[in-house]
Amino acid sequence: MNNLAAIFKATFDAYLDVPLHVWETFAQHGEAIQTRKNEIIKKHGERERYFYFILKGSGGIMLYQNNNYLCIDLCYDGDFFGDYLSFVSNRETDLEVICFEPCTLFRIDRDNFRELAKTPIGSVICQTASDNLFIQKQMQQLNLLSKTAEQRYIEMLEQQPDIIQRTPNKYIASYLGITPESFSRIRRKIM
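Under the working numbering, the first residue of the sequence shown is numbered 1, with each subsequent residue one higher.
I should point out that these hints are in silico values taken from the structure, not numbers from a laboratory.
Note that the structure is a prediction, hence the values are computed from the model and not measured.
Certain hints may be false.
[As the list claims (entries may be wrong)] DMTMM-like cross-link-like pairs, simulated, lysine to aspartate or glutamate; straight-line CA separation at most 25 Å:
| # | residue 1 | residue 2 |
| --- | --- | --- |
| 1 | K118 | E24 |
| 2 | K147 | E158 |
| 3 | K170 | E101 |
| 4 | K137 | E96 |
| 5 | K37 | E115 |
| 6 | K43 | E24 |
| 7 | K170 | E155 |
| 8 | K37 | D94 |
| 9 | K137 | E158 |
| 10 | K9 | E24 |
| 11 | K137 | E150 |
| 12 | K43 | E96 |
| 13 | K37 | D13 |
| 14 | K37 | D131 |
| 15 | K189 | E150 |
| 16 | K118 | E101 |
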């Protein structure tokens, strides 16, 4: 657990500077799990039971629509992961959560998350996580409305230089809102 606590502290110090023992308590509310490449950890039409944090690995959140999957989020080491809408509302959604590569995830079930949120420091941690997810989604929406797919891809490369090795091209293209062919043209152009 101490290793998990140290990882959480290092990741979140920029947002919330709290002592290591706080993160040790946080880590006790969940567990680290391993997933396989292409493992679906939450299917569309189901309820999300866990709140995930990626310790190592990558994955995506897909919207199942018209017998097709649209990638609405790409997640990597140090990111929150999962169908947060379903987790918070305790309702089924059309979102599917998939691990693109073998992952090490930290997960907290709904009951432990709510129990943690009732404690003074736990409520701050849960609120910080919620705020972080909200800010990330707002930035994503602003980027979609104000930048080209090429500009967004260049920014993705700056943040995740090995994105091509870790994420199937079809999901990157879907996330950018373009066809795989258009994505190939962008990749050739900026190489």
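Outcome of the hint check:
For the suggested pair K118 and E24, the alpha carbons sit about 17 Å apart, so the restraint of at most 25 Å is met. Between K147 and E158, the direct Cα distance comes to roughly 15 Å. Compliance with the 25 Å bound is thereby established for this hinted pair. Between K170 and E101, the direct Cα distance comes to roughly 15 Å. Compliance with the 25 Å bound is thereby established for this hinted pair. A distance of roughly 17 Å separates the Cα atoms of K137 and E96; the hinted pair therefore holds under the 25 Å criterion.
A distance of roughly 32 Å separates the Cα atoms of K37 and E115; the hinted pair therefore is violated under the 25 Å criterion. Distance hint between K43 and E24 is unfulfilled; the C-alpha atoms sit about 31 Å from each other, more than 25 Å. As the CA atoms of K170 and E155 are separated by approximately 18 Å, the hinted pair is consistent with the 25 Å bound. Using a Cα cut-off of 25 Å, the hinted pair K37 and D94 holds, with the two alpha carbons roughly 21 Å apart.
A C-alpha spacing of about 19 Å is found between K137 and E158, which places the hinted pair at or below 25 Å, so the restraint holds. A hinted pair counts as satisfied when its Cα atoms are at most 25 Å apart, and K9 with E24 qualifies at roughly 9 Å. Between K137 and E150 the CA atoms are separated by roughly 19 Å; this keeps the pair inside 25 Å, and the hint holds. Restraint check for K43 and E96: the C-alpha separation of about 5 Å stays at or below 25 Å, so the hint holds.
In summary, the hint linking K37 to D13 is not supported, as the alpha carbons are separated by about 30 Å, beyond the 25 Å threshold. A C-alpha spacing of about 29 Å is found between K37 and D131, which places the hinted pair above 25 Å, so the restraint is violated. At roughly 9 Å between alpha-carbon atoms, K189 and E150 fall within 25 Å of each other, so this suggested pair holds. Using a Cα cut-off of 25 Å, the hinted pair K118 and E101 is violated, with the two alpha carbons roughly 34 Å apart.
Comparing the model with each earlier hint shows violations of hints 5, 6, 13, 14, 16; every other hint is respected.
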